[in-house]
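Participant: Model the full assembly from the supplied sequences, consistent with the hints where possible.
Chains as they are written, first to last, in the numbering used here: chain A, 3 to 161; chain B, 3 to 209.
Hints are computed from structural coordinates only; laboratory data are not their basis.
Using N, Cα and C, we set each Cβ at its ideal position, and we do this for glycine too.
No false leads were mixed into what you were given.
Capping the alpha-carbon separation at 25 angstroms, the derived lysine-lysine pairs in BS3-like fashion look like this: (1) B/Lys171 to A/Lys61; (2) B/Lys119 to B/Lys193; (3) A/Lys129 to B/Lys125; (4) B/Lys56 to B/Lys199; (5) B/Lys42 to A/Lys61; (6) A/Lys61 to B/Lys179; (7) B/Lys186 to A/Lys147; (8) B/Lys180 to A/Lys61; (9) B/Lys119 to B/Lys188; (10) B/Lys188 to B/Lys199.
Ranges between beta-carbon positions, derived for each pair: (11) B/Lys186 to A/Gln78: 48 to 56 angstroms; (12) A/Tyr81 to B/Lys109: 52 to 60 angstroms; (13) B/Pro197 to A/Gln84: 37 to 45 angstroms.
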Amino acid sequence: MSKFKKKGSGELPKISTASLPDIVFMLLFFFMVATVLRDNTLMIQNTLPAADQIQKLDKKDRVIYIYAGKPSARYQDKYGNQPRIQLNDKFATVGDVGAYILAERASKREELQNVLTTALKVDGETKMGLISDIKQELRKVNALKINYTTRIGDFTQNN
Amino acid sequence: MGRRSAPEVNAGSMADIAFLLLIFFLVTTTIETDSGINRKLPPMEEIIDPPIIKERNIFTVVVNKNNQILVEEKLMELRNLRSEAVSFLDNGGGLAEEACNYCQGSKDRSSSDNPDKAIISLKNDRETDYKVYISVQNELVAAYNELRNREFMRLYPQENMDYVQADRKYTDPRTDKKVKDKLKEKLSVIKLMYPMKLSEAEPNKTS
Chain A
3 MSKFKKKGSG ELPKISTASL PDIVFMLLFF FMVATVLRDN TLMIQNTLPA ADQIQKLDKK
63 DRVIYIYAGK PSARYQDKYG NQPRIQLNDK FATVGDVGAY ILAERASKRE ELQNVLTTAL
123 KVDGETKMGL ISDIKQELRK VNALKINYTT RIGDFTQNN
Chain B
3 MGRRSAPEVN AGSMADIAFL LLIFFLVTTT IETDSGINRK LPPMEEIIDP PIIKERNIFT
63 VVVNKNNQIL VEEKLMELRN LRSEAVSFLD NGGGLAEEAC NYCQGSKDRS SSDNPDKAII
123 SLKNDRETDY KVYISVQNEL VAAYNELRNR EFMRLYPQEN MDYVQADRKY TDPRTDKKVK
183 DKLKEKLSVI KLMYPMKLSE AEPNKTS
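Facilitator: The structure is reproduced here in structure tokens:
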């Protein structure tokens with residue numbers, strides 16, 4: 003009669019932990035959904051200008067990012083305060099843009115290689131000279147589709 | 003009655019609660035997507051024989067190094083740029099086969115012949131601020147969108163939306179394939195009526 007012996011042991015029954023995996027999964031899913039994956043740590047100031055005639059840039063696998071702006075405060079003593087280009091995690095010069103685009107393009111799936119967009123995330127305070135140089139480089143490597151990434155808002159916020 | 007232990011709490015519904023919360027967060031959180039102004043750069047090869055364009059069909063916008071906007075060599079405030087661009091594009095001053103039957107502009111002979119001929123030329127200095135450049139770009143795109151919206155609403159009132167909304171619906175991956183095909187046709191009609199001809203000159207190295 004082991005059935006009775008067990009019950010009579012007097013110990014408190016264990017709290018069921020069957021739902022613990024659910025809670026953990028819930029948290030996991032939540033963070034998976036809510037976090038924006040940013041593979042680049044920004045080393046520059048990046049206050050995007052505002053615009054309202056915008057199109058969404060979904061399908062992240064088809065986008066190559068180029069950042070530009072003044073180095074952020076902690077890098078200023080090393081890199082100065084002139085606007086610079088950032089590619090992946092490194093500061094770069096205009097001459098590096100072409101090679102970067104080609105390398106990024108080669109790393110994408112073949113069917114996507116012709117539909118890539120280059121997103122320019124440039125700080126509003128940057129001078130157009132730098133952007134023109136980037137655009138010339140992009141033309142050289144035939145990366146013609148670009149997107150000036152902006153905040154949502156109208157032009158009066160750009161002052 | 004000592005052998006009777008505390009009854010086990012029923013944990014069967016815990017999973018339901020968890021899923022409820024999960025679904026709640028799934029619905030309420032939005033993944034941040036980037037958005038911006040799409041542009042296409044001209045290809046690198048030089049055009050050997052540039053087409054001759056009449057002066058009246060070009061709308062020159064120059065942003066100088068002091069971030070001032072010059073439209074047709076006259077200083078202009080940014081907030082007036084949109085309406086000025088609209089009246090240029092919508093002018094429709096052409097005669098005979100160059101006439102534009104849907105334009106509602108002033109039909110001025112000294113301005114653009116028709117929207118197909120009208121070209122906006124944007125030139126900036128190397129010292130221009132990026133945010134000013136974006137504002138100008140934004141206003142010029144807005145001018146095109148304004149006209150496209152008007153024509154879309156006029157031609158397809160049954161759609162009950164404007165061009166920008168239709169375009170957004172078309173690019174939305176959730177839209178049905180059949181709806182997309184229908185929209186594509188309509189959108190391309192409108193795009194043909196007001197083609198976006200925005201030419202960008204390379205910035206001047208000097209000054």
